Amino acid sequence: ELDKHVSVESKLLSSMESSFRQNVRVGIEQHTLEELTSTLETTSLSNSSDRWICDLTSDGVFRVKEVRNCIDDIFLPSQVIDTRWVRFVPIKVNIFIWSRLFADEG
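Going by the numbering used here, the first residue of the sequence shown is number -6, and it counts up by one from there.
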């Protein structure tokens, strides 16, 4: 982006190509720009302040438990046993050991 103080709204209202230092080349660049433009056409902005949200829950609130459950669902075999973190072990060591234990199963 050439204008460092431009707002998102003004970028969406104008052509994206005006932000590029070079003209878009025909081929994959043109195709990618068309896909981006198509996606942005359905984007709507709100007047609310910027904020972080978590897509793991319907209320958008971040909770460690929800992240842990998501990790369990993805990486662990489907069993009734919950993951428990050992708080007396440094987090880096805990995660490394946990990942090694379940990497061997896969």
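These are computed hints drawn from the structure, not numbers from a lab.
All values derive from a computational prediction rather than experimental measurement.
Some hints here could point you the wrong way.
Calculated lysine to aspartate or glutamate pairs in the DMTMM-like style (CA-CA distance at most 25 Å, straight line) [unchecked claim]:
| hint | residue 1 | residue 2 |
| --- | --- | --- |
| 1 | K58 | E34 |
| 2 | K4 | D52 |
| 3 | K(-3) | E34 |
| 4 | K4 | E27 |
| 5 | K4 | D65 |
| 6 | K(-3) | D43 |
| 7 | K4 | E28 |
| 8 | K58 | D48 |
| 9 | K85 | D65 |
| 10 | K85 | D66 |
| 11 | K85 | D52 |
| 12 | K(-3) | E10 |
| 13 | K85 | E59 |
| 14 | K4 | E34 |
Hints and how they fare:
1. K58 - E34: This hinted pair is violated, its Cα atoms lying about 36 Å apart.
2. K4 - D52: At roughly 30 Å apart (the allowed maximum being 25 Å), D52 and K4 break the hint.
3. K(-3) - E34: Given that 25 Å is the threshold and the Cα spacing comes to 23 Å, the pair holds.
4. K4 - E27: holds (15 Å)
5. K4 - D65: Measuring from Cα to Cα gives roughly 40 Å; hence the hint is violated.
6. K(-3) - D43: holds (18 Å)
7. K4 - E28: holds (16 Å)
8. K58 - D48: holds (13 Å)
9. K85 - D65: This hinted pair holds, its Cα atoms lying about 18 Å apart.
10. K85 - D66: Measuring from Cα to Cα gives roughly 21 Å; hence the hint holds.
11. K85 - D52: Violated, because 30 Å separates the two Cα atoms, which is more than 25 Å.
12. K(-3) - E10: Status holds; Cα separation ~16 Å.
13. K85 - E59: Distance ~20 Å between K85 and E59 Cα, so the pair holds.
14. K4 - E34: holds (12 Å)
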